[in-house]
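Based on the hints, put chain B with the ligands in the right spot on chain A.
Chain residues, written in single-letter form:
Protein chains: 2
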Amino acid sequence: MNKRIGLFGFGVVGQGYYQIAKKHKEQWTPDTIVVKNKFKRRAFDLKFSYNPQEVFDKNPDYILELISDTNEAYEYVTEALKRGITVISANKKLLSAHLPELIQLQRVFGGKLLYEAAAAAGIPVITTLETHFEEDEIISLEGILNGSSNYILSRIFNNGLNFSEALRLAQQKGFAESDPKFDINGSDVASKLNILGLHAFGKFIGEEQIPTFGIQHLGEEEIALAKRLGLKIKLIAKAERDYRGIAAHILPTLVEEHNPFYGVENEYNAVKIVSEHLQEQFYQGKGAGSLPTGAAVYGDLIKAKNGFGYSYSKVNFDKPLDEKLLNLGVRVLIKSKAAALIDSVLFSPELTHQIDGVIFAVGKIKPKNFNKLNESGEVSILALPDNYAVESIEAGLKTIQNAGEVV
Amino acid sequence: MNKRIGLFGFGVVGQGYYQIAKKHKEQWTPDTIVVKNKFKRRAFDLKFSYNPQEVFDKNPDYILELISDTNEAYEYVTEALKRGITVISANKKLLSAHLPELIQLQRVFGGKLLYEAAAAAGIPVITTLETHFEEDEIISLEGILNGSSNYILSRIFNNGLNFSEALRLAQQKGFAESDPKFDINGSDVASKLNILGLHAFGKFIGEEQIPTFGIQHLGEEEIALAKRLGLKIKLIAKAERDYRGIAAHILPTLVEEHNPFYGVENEYNAVKIVSEHLQEQFYQGKGAGSLPTGAAVYGDLIKAKNGFGYSYSKVNFDKPLDEKLLNLGVRVLIKSKAAALIDSVLFSPELTHQIDGVIFAVGKIKPKNFNKLNESGEVSILALPDNYAVESIEAGLKTIQNAGEVV
Ligand SMILES: NC(=O)c1ccc[n+]([C@@H]2O[C@H](COP(=O)([O-])OP(=O)(O)OC[C@H]3O[C@@H](n4cnc5c(N)ncnc54)[C@H](OP(=O)(O)O)[C@@H]3O)[C@@H](O)[C@H]2O)c1
Ligand SMILES: NC(=O)c1ccc[n+]([C@@H]2O[C@H](COP(=O)([O-])OP(=O)(O)OC[C@H]3O[C@@H](n4cnc5c(N)ncnc54)[C@H](OP(=O)(O)O)[C@@H]3O)[C@@H](O)[C@H]2O)c1
Numbered sequence: 001m002n003k004r005i006g007l008f009g010f011g012v013v014g015q016g017y018y019q020i021a022k023k024h025k026e027q028w029t030p031d032t033i034v035v036k037n038k039f040k041r042r043a044f045d046l047k048f049s050y051n052p053q054e055v056f057d058k059n060p061d062y063i064l065e066l067i068s069d070t071n072e073a074y075e076y077v078t079e080a081l082k083r084g085i086t087v088i089s090a091n092k093k094l095l096s097a098h099l100p101e102l103i104q105l106q107r108v109f110g111g112k113l114l115y116e117a118a119a120a121a122g123i124p125v126i127t128t129l130e131t132h133f134e135e136d137e138i139i140s141l142e143g144i145l146n147g148s149s150n151y152i153l154s155r156i157f158n159n160g161l162n163f164s165e166a167l168r169l170a171q172q173k174g175f176a177e178s179d180p181k182f183d184i185n186g187s188d189v190a191s192k193l194n195i196l197g198l199h200a201f202g203k204f205i206g207e208e209q210i211p212t213f214g215i216q217h218l219g220e221e222e223i224a225l226a227k228r229l230g231l232k233i234k235l236i237a238k239a240e241r242d243y244r245g246i247a248a249h250i251l252p253t254l255v256e257e258h259n260p261f262y263g264v265e266n267e268y269n270a271v272k273i274v275s276e277h278l279q280e281q282f283y284q285g286k287g288a289g290s291l292p293t294g295a296a297v298y299g300d301l302i303k304a305k306n307g308f309g310y311s312y313s314k315v316n317f318d319k320p321l322d323e324k325l326l327n328l329g330v331r332v333l334i335k336s337k338a339a340a341l342i343d344s345v346l347f348s349p350e351l352t353h354q355i356d357g358v359i360f361a362v363g364k365i366k367p368k369n370f371n372k373l374n375e376s377g378e379v380s381i382l383a384l385p386d387n388y389a390v391e392s393i394e395a396g397l398k399t400i401q402n403a404g405e406v407v
Numbered sequence: 001m002n003k004r005i006g007l008f009g010f011g012v013v014g015q016g017y018y019q020i021a022k023k024h025k026e027q028w029t030p031d032t033i034v035v036k037n038k039f040k041r042r043a044f045d046l047k048f049s050y051n052p053q054e055v056f057d058k059n060p061d062y063i064l065e066l067i068s069d070t071n072e073a074y075e076y077v078t079e080a081l082k083r084g085i086t087v088i089s090a091n092k093k094l095l096s097a098h099l100p101e102l103i104q105l106q107r108v109f110g111g112k113l114l115y116e117a118a119a120a121a122g123i124p125v126i127t128t129l130e131t132h133f134e135e136d137e138i139i140s141l142e143g144i145l146n147g148s149s150n151y152i153l154s155r156i157f158n159n160g161l162n163f164s165e166a167l168r169l170a171q172q173k174g175f176a177e178s179d180p181k182f183d184i185n186g187s188d189v190a191s192k193l194n195i196l197g198l199h200a201f202g203k204f205i206g207e208e209q210i211p212t213f214g215i216q217h218l219g220e221e222e223i224a225l226a227k228r229l230g231l232k233i234k235l236i237a238k239a240e241r242d243y244r245g246i247a248a249h250i251l252p253t254l255v256e257e258h259n260p261f262y263g264v265e266n267e268y269n270a271v272k273i274v275s276e277h278l279q280e281q282f283y284q285g286k287g288a289g290s291l292p293t294g295a296a297v298y299g300d301l302i303k304a305k306n307g308f309g310y311s312y313s314k315v316n317f318d319k320p321l322d323e324k325l326l327n328l329g330v331r332v333l334i335k336s337k338a339a340a341l342i343d344s345v346l347f348s349p350e351l352t353h354q355i356d357g358v359i360f361a362v363g364k365i366k367p368k369n370f371n372k373l374n375e376s377g378e379v380s381i382l383a384l385p386d387n388y389a390v391e392s393i394e395a396g397l398k399t400i401q402n403a404g405e406v407v
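For the protein sequence lines, the chains are A and B, in the order given.
For what it's worth, UniProt numbering labels the leading residue of the first sequence as 1, then goes sequentially.
For what it's worth, UniProt numbering labels the leading residue of the second sequence as 1, then goes sequentially.
The following block holds chain A by itself, in its conformation from the complex (with noise of 0.2 angstroms):
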């Protein structure tokens, strides 16, 4: 029997879904498309609607909501799931601000939400927490997860861009926004770190609470020192947890060559799941993109049909589910002219080397912090990799000073 599919968005996710379904199962093409600009030139020849109202009047067995917009997305999937409807949606800022009610509402209404490509696009990561890591615990998540900022720091680091023509290069290409302060600033990576964390550890922790530092600061010495060092820099979000709670930061780190997502490049994503009897499992895929993300979203439509639903195993519902965070020390190696500002933070301090009135300094800083110096703007910073000698830096910091190639 055909199902009925209604589908909010037509945009790069919304069309490749549907020259996927239109390809492979002619009965999983939506009946009804609705869109927002009625003025539009669309690529597909095909009837939209701009009334949200017609989607719910055909009583559909799954909508998929694959719009830009936060707050009108909210009322289409909440809509839906007090009817009892199966959602798939990609809006990682929704779910990010609403996964606990939009749980409440499953669970009140019987109706289902998957959102894979909400978390890491094509790659499958909620569904593996939430089928093979089911009862396994996790210890900690980590991951490359926004393809634009990913792809500027391959532009820098492979082919000798800085950071403002990669970026430009990355607009052209289509993978950053075209206000790309999202991609770059990290809030886009706190939104997915959010989701994964609530599938990962089963604790909402709330995208404000994670403290964020994105690549908008990175100066070309540390560029320069990282290439130096055989090293280069990838904006990596974590969580893990331990006895005392759960920790979370998202952070320019620099990786060394052996590390898994030192080899993930360009608009891909990867992830790094550590767990307590699979123990290290790591995955990579395409992070952005209309087939790859409209394929998650097929998929998920697949997995619904099939049955699946996320089980949320790992959620405690007899407790409150937000969490907050531990705010324990991060080693890094931060640059500032502000010597004033660098005190203030860092302590545990292993390094102070000026160069023309920049300083650099490796120590610790407590996460908490991170907002104070971001809104500064005068500071960078960037996580060390584990154990990585302070030598190596301070050597590092020596060879560019030499060379000339601080600016």
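For the record, the hints were derived by calculation from the structure and aren't laboratory data.
Treat the hints with caution; some may be incorrect.
Sample of chain B residues facing chain A (criterion: CB under 7 angstroms; computed from the structure) [unchecked claim]: (1) I20; (2) D69; (3) G299.
C-beta atoms are modelled at their ideal positions from N, C-alpha and C, and glycine is treated no differently.
Chain B with the ligands in isolation, oriented as in the chain A frame:
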């Protein structure tokens, strides 16, 4: 309500499973454990049975088949499936030999058979093919699928051991079987590729049909050459589809630094899947060991409890499952003293270089010839990276020749 679980086998994997279930969910510990050897001292003080019938007499809901023998496993698993019981198996030899029949038994009697641990132990590749890739067309699947071979290659490349030293260490560490033949001659890999091929392409290749060359003929010269060229050697299983059919083979392969397989070390396994829409994905995780493998078995059981079963959606049951492999030429570096042997198999030659009576040649070989070369015992073959310049191979050979690195 408690489920009744019968367990066959209490070795590496069975004990891994038992420990996990014991710690996490008492109700998932088996109520009957059947083993073979009455005189073996056991690390756990449990009541063991030596009579397979005892498992069936208790009318179990689930049976875990984790034994080392293939024929007896066949008896237990077919008996269980004929009773409609859900079975979890880690037995690649059994599955590779009998999958078509075992699938039939599931269809006829309604029991399920899950076997994630049989392919890449801890990596959830079958589950992912069955869910995320369910409706995506697989173009190719490649993998490092034997932890012992990979461990040996890691010791050779990272610690400078020679082949026999590395093999001895693998045995001491418990990664290689006491008769390590099946590990290093690629036979274990062929079973796994055969299983994965069914889930990726919906076709049953049959492992005896997969041209297989293990690492046992690898000589000092090829190792020295790879090191000089900044390459590593990995035992890679590959299956790919084009419009004519499926090609597959298993060969030691020269791997470049940018290839994600380059960083897969020790007992890790990895799988790379290229598909039409999700495009390129790469998964890495523990390919052997008590807890990772036991956790994969445990994960299967939890999935089965939640209603999950393989849908074999890529299989067209109206056609024969069997597939005859394409015999497409593979570009290789071949080494032998036997000029006539090389001449009899190599076509599209690009290079011949002699060092002290040993011939090194680059060209193409039809996989059907692997067996003959294997049995001759006089030849080593290495697959080349895509588009690798023959000039680099030639320069490398001259360098090792001049450095006297040829034994
Ligand atoms: N692009 C990716 O690679 C990617 C990857 C993972 C997740 N996502 C997520 O997927 C979602 C869609 O992204 P996208 O890249 O496809 O965005 P997009 O290309 O900007 O397209 C957005 C679509 O939503 C429609 N829309 C906006 N507001 C609407 C409303 N109130 N009602 C109905 N339709 C509305 C737009 O209509 P008009 O056509 O009329 O403007 C447009 O068709 C976002 O949540 C995004 O974060 C994207
Ligand atoms: N080891 C790994 O990392 C790994 C990974 C993936 C898959 N696997 C697969 O998992 C299976 C088990 O491997 P393993 O490493 O656990 O083997 P193992 O350590 O050699 O243990 C085999 C167990 O099977 C029992 N057994 C043998 N024949 C039996 C029979 N006819 N009836 C009942 N019990 C019997 C043995 O009994 P006794 O104790 O009385 O000798 C022993 O307990 C194999 O198919 C293997 O290929 C292993």
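A quick look at each hint next to the structure:
no. : hint : result
1   : I20  : holds (6 angstroms)
2   : D69  : violated (26 angstroms)
3   : G299 : holds (5 angstroms)
The earlier numbered hint that this structure contradicts is number 2, and it is the only one.
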